[in-house]
Amino acid sequence: MHCHWTKNGRDDVLVMLHGFMGDSRAFTRLTDEMDILRIDLPGHGQDESDMDTDWSFDWLIQQLAVIITGLKGSYQHIALYGYSMGGRVALYYALHYTVDALILESASPGLESAEERQARQQVDTERGDALVQDYEAFVSRWERLPLFTPAAPLSSAAAECQHQMRSSQRPSRLAKALRDYGTGSQPNLWPRLKELDAPVLLLTGTQDYKFKMINQRMAQSIRHSRHIEVSAGHSIHVEHPEIFDTIVLEFIKEAYHV
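Read in full-length UniProt numbering, the sequence shown has 234 at position 234, and its numbers run on one by one without any break.
No lab work stands behind these hints: they were computed from the structure. Some hints could be false.
Unchecked claim - For lysine to aspartate or glutamate, the following EDC-like pairs were computed, each having C-alpha atoms within a straight-line distance of at most 20 Å: (1) LYS7 - GLU229; (2) LYS72 - GLU112; (3) LYS253 - ASP12; (4) LYS72 - ASP12; (5) LYS253 - GLU48; (6) LYS253 - ASP100; (7) LYS253 - ASP11; (8) LYS72 - ASP11.
Small disclaimer: the values here were computed from a predicted structure and weren't measured.
Please model the complete structure; the sequences and the hints are all you need to start from.
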């Protein structure tokens, strides 16, 4: 994992985990009311995790715990945010370690049956093979997936920023990330949602019907949760960075009783 800091001299810190094919550049607008730690997950951005290591969920949160535990002496509160793939990692972390607030954007507790997970593992493997064979074509297909269709067209600058970030990733490392901690490898966390004790914000786009339904169900199982829908697709922080920033900041302030 590789850390990117934005320090504003604050007492609270927000740790941010990007999605698949993303990295720290995914977050272009950030509040200055907290310090921000953006982490490149294994296989992404400037991360240089050993390719011979199994990047399992247990291994991931152990690495994340080393980073977050090291922050506790410097900050009054630590909030953890994750988007999509990063949201699945953040959720797994929050079920094993303490956080003061948890923000999940377009995330999921995983597939519920072994059969579903096995089938998805096959899909993850096939996608990994495809991106290694022709990465440019894979990126083009990925960006045309209905999942990533915004509610309104992105500006040319925002679209180009996302494309450049995806195109600059290293295919062999992305393929390993997909195999090791893709959706097919994620344990079923549905039965454990009731264990979450920290305040939880669930963010989904109104046009992202699949994840909207998943998060509506999640909200019923998480005691201290709030589900907010924004007029967007899967990537709220990209489509509406100002709205995203405001919602996250207001939630954290409320969670900390500021």
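Exercise for review: Go through the numbered hints given earlier and state which of them the structure violates, listing their numbers in rising order.
Suggested key: Those not satisfied are hints 1, 2 and 5.
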